[in-house]
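Undergrad: Okay, here's what each chain looks like letter by letter:
Protein chains: 2
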Amino acid sequence: MKYCSQCGAVVALKTPPADNRPRYICDSCETIHYQNPKVVAGCLVEANDGRILLCRRAIEPRYGYWTLPAGFMELGETTIEAALRETLEEAEARVQLDGLFAVFNLPHVDQVYMMFRSRLLDGRFGAGDESLEASLFSQDAIPWQELAFSTIYHTLRLYYEDQAHGRYRVHTGDIIKLDEGRYELRSGPAV
Amino acid sequence: MKYCSQCGAVVALKTPPADNRPRYICDSCETIHYQNPKVVAGCLVEANDGRILLCRRAIEPRYGYWTLPAGFMELGETTIEAALRETLEEAEARVQLDGLFAVFNLPHVDQVYMMFRSRLLDGRFGAGDESLEASLFSQDAIPWQELAFSTIYHTLRLYYEDQAHGRYRVHTGDIIKLDEGRYELRSGPAV
Ligand SMILES: [Zn+2]
Ligand SMILES: [Zn+2]
Numbered sequence: 001m002k003y004c005s006q007c008g009a010v011v012a013l014k015t016p017p018a019d020n021r022p023r024y025i026c027d028s029c030e031t032i033h034y035q036n037p038k039v040v041a042g043c044l045v046e047a048n049d050g051r052i053l054l055c056r057r058a059i060e061p062r063y064g065y066w067t068l069p070a071g072f073m074e075l076g077e078t079t080i081e082a083a084l085r086e087t088l089e090e091a092e093a094r095v096q097l098d099g100l101f102a103v104f105n106l107p108h109v110d111q112v113y114m115m116f117r118s119r120l121l122d123g124r125f126g127a128g129d130e131s132l133e134a135s136l137f138s139q140d141a142i143p144w145q146e147l148a149f150s151t152i153y154h155t156l157r158l159y160y161e162d163q164a165h166g167r168y169r170v171h172t173g174d175i176i177k178l179d180e181g182r183y184e185l186r187s188g189p190a191v
Numbered sequence: 001m002k003y004c005s006q007c008g009a010v011v012a013l014k015t016p017p018a019d020n021r022p023r024y025i026c027d028s029c030e031t032i033h034y035q036n037p038k039v040v041a042g043c044l045v046e047a048n049d050g051r052i053l054l055c056r057r058a059i060e061p062r063y064g065y066w067t068l069p070a071g072f073m074e075l076g077e078t079t080i081e082a083a084l085r086e087t088l089e090e091a092e093a094r095v096q097l098d099g100l101f102a103v104f105n106l107p108h109v110d111q112v113y114m115m116f117r118s119r120l121l122d123g124r125f126g127a128g129d130e131s132l133e134a135s136l137f138s139q140d141a142i143p144w145q146e147l148a149f150s151t152i153y154h155t156l157r158l159y160y161e162d163q164a165h166g167r168y169r170v171h172t173g174d175i176i177k178l179d180e181g182r183y184e185l186r187s188g189p190a191v
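Top line first, the protein sequences correspond to chains G and X. Using this note's numbering, the letters of the first sequence map in sequence onto residues 1 to 191. Using this note's numbering, the letters of the second sequence map in sequence onto residues 1 to 191.
Derived from the structure by calculation, the hints contain no laboratory data. Be careful, since some hints might not be right.
What the hints assert, rightly or not - Just a few of them, taken from the derived set where beta-carbon distance is under 7 Å, the chain G residues facing chain X:
1) Tyr3
2) Pro17
3) Lys38
4) Ala58
5) Thr78
6) Gln111
7) Val112
8) Ala148
9) Thr172
To be verified - Among chain G residues calculated to face chain X with C-beta under 7 Å, some are:
10) Met1
11) Ser5
12) Asn36
13) Val39
14) Gly71
15) Phe72
16) Leu100
17) Leu178
18) Asp179
19) Pro189
Because the structure is a prediction, the values reported are computed rather than measured. Ideal placement from N, C-alpha and C gives every residue a C-beta, glycine not left out.
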């Protein structure tokens, strides 16, 4: 950030009097420009036969890799509305929402992932504009080596673990970037 | 938003080609300025004797009203780090985190509240810079009529409800503004 989005003056990085960290401040109109992490919301969609709906990305990053439908929450939305909208946009699927399943912090990109469990409503799905294809996968067919993001890997892994234990929990954790392309999940308390 | 924070040119509200909603776009440097909801993280802190830690706000909005320690998540933080930092800043309390307790969407102010259950570590607490006082309350002493926000009211209410049932769940819901000063919780699935 170099210019004030309210008045166009040059901003400076300074710590406000009643604050404890530097912010972009406009001396001209006195606006303090706060920057905060963003929420990514998405759905783990289960079909009637237990298979899971994955989309193959038609956009960067991770073009061609498989993902669960998910994307940035928009102004005016709830997290569930965002998850349902992304599922409709990316996988052309209407779903019944079962509940929150995973909250992952990604501090290296300032994102908070919120993934919900859901069930495919009418059996129909398809490739939206941001997807090359959409398809249902049984557990032994999941393309584990071709998943787009570590958030997707851990969501699927925890889902099958919970399923084996006969109980779905709410999982929290931090996905920490170790080095380029290597990430580690540090699990928080599951509830 | 009126000016591009990257180059200072005037921005226009337009829908980008591959998008479906208007964004502030800079024709000069081609930056698309996305705006997204913010996360508020906080702690419900239980002392050894079961009493709950509340702070009386020394800042607007809701100066003088009681709240749980909570505030905006910062860049580079996890939700838990944000909740612990706010608890230290507002209530001078160090806590042991037990787990996620409530996720409330507030679409009228573009916020997502994430409240965690926690226990006071060493019995010490105090009024931070943004608090007039901090104090422990038993259930029958909670100042229900003087709580700062409906998020705080519902967090405390659901906490005591869960406690009476002998089990803490993760609660989700949307807090909808009905009219000035009147809000309603539309509960989502509890897990
Ligand atoms: Zn300005
Ligand atoms: Zn620009």
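Undergrad: Hint by hint, note whether the structure agrees.
TA: Results of checking the hints against the structure:
1. Tyr3: holds (4 Å)
2. Pro17: violated (11 Å)
3. Lys38: holds (5 Å)
4. Ala58: violated (10 Å)
5. Thr78: For Thr78(G), the interface hint holds, since the closest Cβ of chain X sits about 4 Å away, which is under 7 Å.
6. Gln111: violated (10 Å)
7. Val112: holds (6 Å)
8. Ala148: For Ala148(G), the interface hint is violated, since the closest Cβ of chain X sits about 18 Å away, which is over 7 Å.
9. Thr172: Holds. Min distance 5 Å.
10. Met1: With Cβ-Cβ at 5 Å, under 7 Å, it holds.
11. Ser5: At 5 Å from the nearest chain X Cβ, Ser5(G) passes the 7 Å test, so the hint holds.
12. Asn36: holds (5 Å)
13. Val39: holds (6 Å)
14. Gly71: violated (11 Å)
15. Phe72: holds (6 Å)
16. Leu100: Holds, because the Cβ-Cβ distance from Leu100(G) to chain X comes to roughly 5 Å (cut-off 7 Å).
17. Leu178: violated (16 Å)
18. Asp179: violated (18 Å)
19. Pro189: holds (4 Å)
In terms of the numbered hints stated before, the structure departs from hints 2, 4, 6, 8, 14, 17, 18, listed from lowest to highest.
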